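Student: Protein chains in written order, with numbering that gives the first Met the number 0: chain Z, 0 to 345; chain Y, 0 to 496.
Heads up, some of the hints might be wrong.
To be verified - The following residues of chain Y were derived to be distant from chain Z, with all beta-carbon distances above 12 angstroms:
{"no.": "1", "residue": "15"}
{"no.": "2", "residue": "50"}
{"no.": "3", "residue": "51"}
{"no.": "4", "residue": "74"}
{"no.": "5", "residue": "76"}
{"no.": "6", "residue": "89"}
{"no.": "7", "residue": "131"}
{"no.": "8", "residue": "146"}
{"no.": "9", "residue": "174"}
{"no.": "10", "residue": "386"}
Stated by the list, open to error - With a Cα cut of at most 27 angstroms, we get these calculated BS3-like pairs of lysine-lysine:
{"no.": "11", "chain 1": "Y", "residue 1": "174", "chain 2": "Y", "residue 2": "219"}
{"no.": "12", "chain 1": "Z", "residue 1": "206", "chain 2": "Y", "residue 2": "219"}
{"no.": "13", "chain 1": "Y", "residue 1": "151", "chain 2": "Z", "residue 2": "314"}
{"no.": "14", "chain 1": "Z", "residue 1": "181", "chain 2": "Y", "residue 2": "300"}
{"no.": "15", "chain 1": "Y", "residue 1": "78", "chain 2": "Z", "residue 2": "206"}
{"no.": "16", "chain 1": "Z", "residue 1": "184", "chain 2": "Y", "residue 2": "47"}
{"no.": "17", "chain 1": "Y", "residue 1": "107", "chain 2": "Z", "residue 2": "184"}
{"no.": "18", "chain 1": "Z", "residue 1": "181", "chain 2": "Y", "residue 2": "174"}
Stated by the list, open to error - Only some residues are given here: those of chain Z computed to face chain Y with a beta carbon under 10 angstroms:
{"no.": "19", "residue": "203"}
{"no.": "20", "residue": "236"}
{"no.": "21", "residue": "258"}
{"no.": "22", "residue": "260"}
Simulated from the structure, these hints should not be mistaken for lab results.
Fair warning: this is a prediction, and the values are worked out from it, not measured in the lab.
Virtual Cβ for every residue (Gly too), placed ideally from N, Cα, C.
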Amino acid sequence: MKKVMNLFVKRQEIFTLLIIFVYFFSISAVNQDFFQIDTLIRILFNGTMLFVMTMGISAVIITKNIDVSIGSLMGLAATIGGTVLNQTGNAFLGIGAALLVGLAGGIFNGIGVAYLGVTAIIMTLGTMAIFRGLLIMFTGGKWIQNVPSFFTDFSKVRFLGIQGSIWIVVIVLIVLWLFFSKTTKGRYFYAVGNNNEGARMQGINVKLITVSAFAVSGLMAGLAGVLYVAQIGAVPNLAGNGMETQAIAAAVIGGVSLTGGSGNYLGALLGAILLQTINYSLVYLKVPGYWNNAISGFLLLAIIVVASLIQKYMKREREKNLDKQIREEFFKTQQNMDNAYTEGDA
Amino acid sequence: MNYLVEMKGICKAFSGVPVLEDVSFSIKPESVHSLIGGNGAGKSTLMKILTGVYKMDSGSIFCEGGEVLFHGPADAHKKGIYLVPQEPMLYPYMTVEENVLLGMSGNKAELRKQLAMLMESLNCDFSMNQLTGELTIAKQQLTELLRGLIRKNKIIILDEPTSALTNKEVESLFKNIRRLKSEEKVGFVYITHRMNEIFELSDELTILKDGKIAASGDVKDYTLDKVLDIMIPDAKEMTEIKKSDYAGEDCNQKILEVRNAGGKGFFDVSFDLHKGEVLGLTGVVGAGRTEFAETFFGLSKMVEGEILFEGRPFRVNSPAEAIQKGIAYVPEDRRKHGGFLNSSINDNVISSIMCRLSKFFLNNRKAKSTTLEAIKSFSVKCNDVDQKFVSLSGGNQQKVVLGKWLATQPKVVVLDEPTRGIDAGARNEIYKIIGELSHRGISVVVISSDFEEIVTLSTRVVVMYNGKTISELSGDKINLENITYASFGYTKEGVTK
Chain Z
0 MKKVMNLFVK RQEIFTLLII FVYFFSISAV NQDFFQIDTL IRILFNGTML FVMTMGISAV
60 IITKNIDVSI GSLMGLAATI GGTVLNQTGN AFLGIGAALL VGLAGGIFNG IGVAYLGVTA
120 IIMTLGTMAI FRGLLIMFTG GKWIQNVPSF FTDFSKVRFL GIQGSIWIVV IVLIVLWLFF
180 SKTTKGRYFY AVGNNNEGAR MQGINVKLIT VSAFAVSGLM AGLAGVLYVA QIGAVPNLAG
240 NGMETQAIAA AVIGGVSLTG GSGNYLGALL GAILLQTINY SLVYLKVPGY WNNAISGFLL
300 LAIIVVASLI QKYMKREREK NLDKQIREEF FKTQQNMDNA YTEGDA
Chain Y
0 MNYLVEMKGI CKAFSGVPVL EDVSFSIKPE SVHSLIGGNG AGKSTLMKIL TGVYKMDSGS
60 IFCEGGEVLF HGPADAHKKG IYLVPQEPML YPYMTVEENV LLGMSGNKAE LRKQLAMLME
120 SLNCDFSMNQ LTGELTIAKQ QLTELLRGLI RKNKIIILDE PTSALTNKEV ESLFKNIRRL
180 KSEEKVGFVY ITHRMNEIFE LSDELTILKD GKIAASGDVK DYTLDKVLDI MIPDAKEMTE
240 IKKSDYAGED CNQKILEVRN AGGKGFFDVS FDLHKGEVLG LTGVVGAGRT EFAETFFGLS
300 KMVEGEILFE GRPFRVNSPA EAIQKGIAYV PEDRRKHGGF LNSSINDNVI SSIMCRLSKF
360 FLNNRKAKST TLEAIKSFSV KCNDVDQKFV SLSGGNQQKV VLGKWLATQP KVVVLDEPTR
420 GIDAGARNEI YKIIGELSHR GISVVVISSD FEEIVTLSTR VVVMYNGKTI SELSGDKINL
480 ENITYASFGY TKEGVTK
C-alpha cells in the first residue's frame, strides 16, 4: 500500500496515463461509437488550445505562483492576431501579433508579481479583467469573422495522419520538457518553487525566473489564441472564458503540485488530455456541454483534496521514521559532547 | 598582509536599533577564522553583509585589491565567497545531487564523481539520489556543507555547521576543512557556540559583543576561560528592580514539576516551578527553550518524560486545553502569533476569554470593562479601546498581549522574549508587570536570551544547552558570569553535566 502511494506521489503521470486508458475503455463500454482511433485524434485536435495553455501555466505553478489571466489573454491574442490576419492577409504577421500580445501580457503579469510585489492571484485577477476589457474595447463587441481559409486549412493539414496543430503541441512539449528538465536554467524554475529564499541565497535571480515563468505562460496563451483562430475560424468576445480553470485543473491532475517545485511537462500534458477526454466524452454520455466548467472545477478540488490527504499520510509516516532517526542522532551527539568535555579537561 | 577580504568600519541598524557598530573583520588565505559571540552579537548579520544578503549602512568591503559592493548573494559568489547557512535551505523535491550541483558548470559526470568522493570523505550515509525533503536535519546540514565544499570558493563561511552532527561527522568535516585550507588555500569563517571546536580548528578568532568587536587575534593568545570571560555581557545600565516578593505561606509549593521531558527540539528538560516565583529559562538561541514552551502549551507533542501540574500529571494536546488548565503562553513574535493586528485593543484582549463572556451573544459591557481594567493596570498608552492593535508601539502591543493572557486568570504564565524590540521605558514597565504578577501569586517563566534581563528578573534561573537543562542557579549564583558560562556548556570551575 505504502509503495503504491509512494509511486502515486512520485510518478503521477503514469497514473494519469492509466486513468486515461481506463476512462477511455469504460466510456467505450457504454457507447461503442467512442471506441475508435479517430475519436482519440479528434479529442487531441479539439484539445490543442487547452494543451498548450496547460503547459504554459505549469511554468508558473512550478515556481509556486498562479496565473488566472490566461483565458482572457488567449481571447485577446486571438482577437488581435485574427484582426491583423484579416487586415494584412499575411499569416506570419497574424501569428506574430498574437504571440507578441501573449508574451507582453505574461511579462506584464510577471513584473507586477516579481518587481511590484503584488500577490500572483491578485495581479492576474486584475489583468484577467483588463485583458477581457481591452478585447471588447478593441472589437466594440463584434466577433472576428471571415478568417482567410488558407489559415484555417493549415491547422487541418495532416502529417502521418495527424493534424498540424497536434504536431505543434508535440513540438511545444518536446521544447518545454527538454528545457525544464534538462537545462540548468530550467531547473532554476523548480529551485525557485521549492525554496524561494534558498534559491536567492544560492545566487539565483528569483525575480527574473518569476517573470520568465509568466512570460512562458503568456506566450502559450498567445499560441493558444493562434490555434483558436485557425481551428474555429472566428473569435467571439468570450473566447477563452474559463480556460484558466481548465488549465490549472489539468496541470494539477497531471501532477504539477500547487505547492510549487514539482511536476513535469509530460504529466501536465497527460492531465490536459485526461480532462479533454472527459469533456469530449460528455457528448457521448449525453451530458450537456455546458457542464464542462463545473466538472473541471470539481475535478480540480477532488484531486487537490485526495493528493493532500495522501501527502499528509506520507508525511506522517515519514516523520515517524525521521523522529526516531533524529533522536538517535541526538543521543549520539550528546555522547560525543560529553566525550569532548572530558577530553577538554585532560 | 595579504587578505582575501577585508571589511572595514561596518555599521548596520535594523529599524533604528544598531546591530553592528564600526566592525572590522578580515580573512586571510589558508586560515580558519572563528567568529564567536553571544545571542544577538551580530555574527550572522556580519556574514550576511559579507555575502550580499543584507546591505550595510556604512563601511566598506575590499576584495582582490579593490573595493566591492555586493547587491546579492550572486555577486558574492562571483568573488568566490560562499555562505553555508545555519538552517538548511534546500529544495525538498529535488535530489541531493541536484541540490548540490545546481548552477555549477562543468562536465556532469565529472561533477558527480567529485560529489561521490566528497560524500564518502564526509561519511555521508545517504545516497545522492534521495530527495532532500526526506532527510533528517543532520543529513540536510551535511548536504548544505557539500554544496559549500564542492564549489571552488576562496572563502567559505560556515554558520554553526556542527550543531546537528555526530562526532564522527564533525571529525571528517574538520579533515575536509583542513584539506581545503592547505590544498586550495581556502579561507574559512567558522561561527560556532562550541568552544572546544574553536581551539581545535581555528587559527584566528574574533569575538563580537553587542555589535562591536570585543577581541580579535591569534587563537594561541587565548584560553577557554579568557574567551568566556570576554563574552560575559558588560553590566552597564542594569536596572535595579525589586525582585519578585511573593511570600504567601504556600510559596514553597511546587506548582509545576518537569521531569526528563523530551520532544521536538529538546531532550532532557527537568525543573521545578514554585508558586509566585519568576523563573528565568535561558541559553543560547537554539538550545530548545521555545520548543519546550510550545510543547508545554500543547502546540506540539511531548515524546518522553512527565510534567506534574499541581501534583497531577499534565498533558495537553492543544492550546485550548492548556488555557483551560490555567496556562498562558505569550510567544516570541507578537505580530506573528500574539496579536490580531487589524483588530481593536478590545478585541485583542477579550479574544482569549470569548467563551467566558458569552453564552451566544457577546456581553459587550463586560468585555469593555475587562479591557479597560487591563489598559489601566498596565498603563497602555492609547486613545480608546477601539484603537487598532497595529497602531500601538511595540511596548504597548506587548502590554495588550499580556493583558489578553492575564484575562484568562492563569496560574502559570510563560513569557517568551517579552522585551525583544521594545524601548527601555516600556521594558521597565513590563518588568513591573512581571513583578506584579508574581506578587499576586502567579508563577512566571521568563524565556530570554538577554542575560541581563534574566539576572534582573529571576528568583531562580534554569539554563538550557543543546536541548537539555544543564544548570540551575539561585540566590547569589545568579550573575552574568555563571549564566554565560553555563549557556556555552561550562561552569566556572570546569565541566557541567
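Student: Each hint needs a verdict: does it hold in this structure or not?
Tutor: Do the hints match the structure? See the list:
no.: 1; hint: 15; in the structure: holds (23 angstroms)
no.: 2; hint: 50; in the structure: violated (8 angstroms)
no.: 3; hint: 51; in the structure: violated (9 angstroms)
no.: 4; hint: 74; in the structure: violated (8 angstroms)
no.: 5; hint: 76; in the structure: violated (4 angstroms)
no.: 6; hint: 89; in the structure: violated (6 angstroms)
no.: 7; hint: 131; in the structure: violated (9 angstroms)
no.: 8; hint: 146; in the structure: violated (8 angstroms)
no.: 9; hint: 174; in the structure: holds (16 angstroms)
no.: 10; hint: 386; in the structure: holds (28 angstroms)
no.: 11; hint: Y:174 - Y:219; in the structure: holds (20 angstroms)
no.: 12; hint: Z:206 - Y:219; in the structure: violated (47 angstroms)
no.: 13; hint: Y:151 - Z:314; in the structure: violated (36 angstroms)
no.: 14; hint: Z:181 - Y:300; in the structure: violated (42 angstroms)
no.: 15; hint: Y:78 - Z:206; in the structure: holds (22 angstroms)
no.: 16; hint: Z:184 - Y:47; in the structure: holds (25 angstroms)
no.: 17; hint: Y:107 - Z:184; in the structure: holds (15 angstroms)
no.: 18; hint: Z:181 - Y:174; in the structure: violated (35 angstroms)
no.: 19; hint: 203; in the structure: holds (7 angstroms)
no.: 20; hint: 236; in the structure: violated (40 angstroms)
no.: 21; hint: 258; in the structure: holds (9 angstroms)
no.: 22; hint: 260; in the structure: holds (5 angstroms)
Against the hints set out earlier in the document, violations occur for numbers 2, 3, 4, 5, 6, 7, 8, 12, 13, 14, 18, 20.
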